[in-house]
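Participant: So the sequence lines, in the order shown, correspond to chains V and X.
Per the working numbering, the first sequence starts with residue 1, numbered consecutively.
Per the working numbering, the second sequence starts with residue 1, numbered consecutively.
Source of the hints: derived by calculation from the structure; they are not laboratory data.
Since the model is a prediction, treat every value here as computed from it, not as a measurement.
Check before you lean on any hint, since a few could be wrong.
What the hints assert, rightly or not - Computed list of lysine to any residue pairs in SDA-like fashion (alpha-carbon distance at most 25 Å, straight line):
#1 104(X) <-> 232(X)
#2 171(X) <-> 11(V)
#3 123(X) <-> 258(X)
#4 171(X) <-> 107(V)
To be verified - So the derived label-pair ranges between C-beta atoms look like this:
#5 27(V) <-> 243(X): 42 to 50 Å
#6 169(X) <-> 110(V): 16 to 24 Å
#7 176(V) <-> 246(X): 23 to 31 Å
#8 29(V) <-> 94(X): 22 to 30 Å
#9 183(X) <-> 113(V): 22 to 30 Å
#10 180(X) <-> 13(V): 28 to 36 Å
#11 119(X) <-> 115(V): 12 to 20 Å
#12 187(V) <-> 103(X): 34 to 42 Å
#13 194(X) <-> 111(V): 25 to 33 Å
#14 10(V) <-> 120(X): 41 to 49 Å
#15 156(V) <-> 120(X): 22 to 30 Å
#16 116(V) <-> 221(X): 31 to 39 Å
Claimed, not checked - One-sided and incomplete, this derived list gives chain V residues near chain X with beta-carbon spacing under 10 Å:
#17 10
#18 24
#19 98
#20 105
All C-beta atoms in this analysis are idealised placements derived from N, C-alpha and C, irrespective of residue type, glycine included.
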Amino acid sequence: MEIFAEENGLKGDPRLRAIFETIRVVPHFPKPGIMFQDITPLFTNPEVFKHTVDIFVERYRDKGISVVAGVEARGFMFAPPIALAIGAKFVPLRKRGKLPGEVISEYYDLEYGKDCLEMHIDAVEKGDKAVVIDDLIATGGTLTAAIKLIERVGAEVIECACVIGVPAAMFQGQKRLNGRPIYMLVEPKDFEGS
Amino acid sequence: MFCLQFSSFTTPPIKNVEGKTVSSYTASGISVKSGSSSNPCAFTSTKSADSWLFCGWSSGGGALAAAERGKMSVAHLESSDVDGVDDRIRRISSTIRVIPDFPKPGIIFQDITTLLLDHQAFKDTIDLFVERYEGKNINVVAGVEARGFIFGPPIALAIGAKFVPLRKPKKLPGEVISEEYSLEYGTDIMEMHIGAVQPGENALVVDDLIATGGTLGAAIRLLERVGANVVECACVIELPELKGRERLADKPLFVLISS
């Protein structure tokens with residue numbers, strides 16, 4: 001089931017409040033009507049960035065996780081520190097044409113058209129246990145593609161984790177993503193301002 | 001810290017000579033000068049197939065200024081743990097995968113994704129940068145999209161600095177400043193959030209590799225436009241024939257591997 005950190009052992013954890021406060025909402029980006037959840041202020045606050053990484057590390061260490069996959073580009077900022085702390089491989093999942101070696105590709109729907117996520121075919125092995133990290137989950141399209149890529153090579157996705165998650169109502173009542181659990185730290189923030 | 005790989009070498013192997021002044025020698029037509037008697041130099045060397053691997057420390061400003069730009073230089077030894085550094089560099093170097101004709105024919109691509117699969121090598125990479133920069137009052141680590149996002153944040157977290165992403169156009173929401181830079185054909189644009197970096201802050205620029213130096217040069221200009229002090233550029237790999245060093249506005253460059 002979809003899990004917010006507060007419902008899963010971290011109730012009242014002040015770190016979650018700090019993370020939530022640090023997120024900045026930018027209205028009408030990248031286009032009108034979208035209230036963009038900007039996590040970059042989190043990186044300019046070293047203590048809050050550390051809290052974010054620590055929460056994921058505490059959750060995933062000593063669980064036999066051998067792969068931490070990060071979705072380009074904002075997932076690249078969270079996943080490597082987690083991988084380093086828990087002793088796992090870091091695997092970048094990239095837009096089409098960026099990875100230089102032999103890749104497998106997974107296409108997924110956008111509002112208009114399709115996009116593509118790629119993974120090096122030899123980065124993940126059968127039997128690997130993986131978590132997938134991104135900054136935010138909205139429709140779940142990108143993370144679903146990520147799960148499919150990893151499972152195509154015979155590895156298992158234990159969980160997808162994001163800093164910001166849209167509540168379950170957005171997944172048409174599904175509380176899992178392609179059958180895999182989702183873990184999120186905070187809900188999206190409302191825009192306060194003129 | 002420099003790690004240099006030569007394809008041919010004409011003088012005898014140089015053993016670890018910590019604390020001892022070594023006179024100049026020539027390697028494949030590249031002249032390398034050591035320091036003076038007050039600045040002892042030390043190297044270790046290892047022969048691997050037909051190439052030599054040298055490891056040494058650069059103290060940055062002064063020692064680099066003493067060597068000619070664009071030429072290989074090995075200067076002060078700052079760490080007494082030379083063997084530890086050598087072993088780590090050797091391992092890191094062995095994990096990098098070379099892919100010919102990517103992204104187009106004639107280009108030899110240095111793929112660091114295989115380094116990221118070796119936990120010890122990835123950890124050693126970050127440690128080598130952290131050992132150099134911790135306690136040096138670095139306030140900002142700026143990382144260039146996208147592979148700079150992989151190395152920058154772990155370094156920033158370890159040294160207690162902010163991480164600032166430098167991105168392709170229209171990716172950063174909110175107010176940005178933009179800097180144009182040259183590509184082989186045409187130009188590209190790099191952007192940074194306004195307010196991410198304050199005047200007077202000490203900054204590093206991090207990317208996986210320096211080739212022509214165009215990207216890093218743009219990064220330096222962005223940071224300086226907001227009044228930051230760029231202390232150094234740090235990359236895992238340098239492609240020295242492309243002379244990227246010369247495009248860094250005289251800022252020092254620190255690399256682990258020169259390829």
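Participant: Give a verdict on every hint.
Facilitator: Verification of the supplied hints:
Taking the CA atoms of residue 104(X) and residue 232(X), the gap is about 31 Å. The hint is violated against a cut of 25 Å. For the hint pairing residue 171(X) with residue 11(V), the CA-to-CA distance comes to about 34 Å; that exceeds 25 Å, so the pair is violated. Restraint check: the Cα-Cα separation between residue 123(X) and residue 258(X) comes to about 19 Å, which is no more than 25 Å; the hinted pair holds. Restraint check: the Cα-Cα separation between residue 171(X) and residue 107(V) comes to about 21 Å, which is no more than 25 Å; the hinted pair holds.
Taking the beta carbon of each, residue 27(V) and residue 243(X) are about 45 Å apart, inside 42 to 50 Å as hinted. The hinted range of 16 to 24 Å is satisfied by residue 169(X) and residue 110(V), whose Cβ atoms lie roughly 20 Å apart. Range check, residue 176(V) to residue 246(X): about 54 Å between beta-carbon atoms, so the 23 to 31 Å window is missed. The beta-carbon spacing between residue 29(V) and residue 94(X), approximately 43 Å, falls outside the hinted interval of 22 to 30 Å.
A C-beta distance of roughly 27 Å is found between residue 183(X) and residue 113(V), which places it inside the suggested range of 22 to 30 Å. Distance hint check: the CB atoms of residue 180(X) and residue 13(V) are about 44 Å apart, inconsistent with the given range 28 to 36 Å. The supplied range of 12 to 20 Å is broken by residue 119(X) and residue 115(V), whose beta-carbon atoms lie about 30 Å from each other. The hinted window of 34 to 42 Å between residue 187(V) and residue 103(X) holds, with their beta carbons roughly 40 Å apart.
At roughly 29 Å, the beta carbons of residue 194(X) and residue 111(V) sit within the given window of 25 to 33 Å. For residue 10(V) and residue 120(X), the Cβ-Cβ distance of about 31 Å falls outside the hinted range of 41 to 49 Å, so the restraint is violated. In this structure, residue 156(V) and residue 120(X) meet the distance hint of 22 to 30 Å, their C-beta atoms being roughly 24 Å apart. Between residue 116(V) and residue 221(X) the Cβ separation comes to about 33 Å, which falls inside the hinted range of 31 to 39 Å.
Taking 10 Å as the C-beta cut-off, the interface hint given for residue 10(V) is violated, the closest approach to chain X being about 20 Å. With a least beta-carbon distance of about 7 Å to chain X, the hint placing residue 24(V) at the interface is held under the 10 Å criterion. Because the smallest distance between the Cβ of residue 98(V) and any Cβ of chain X comes to about 8 Å, under 10 Å, the interface hint for this residue holds. The closest approach between the C-beta of residue 105(V) and any C-beta of chain X is roughly 16 Å, which is over the 10 Å cut-off, so the hint fails.
Checked against the numbered hints above, the structure violates hints 1, 2, 7, 8, 10, 11, 14, 17 and 20; every other hint is satisfied.
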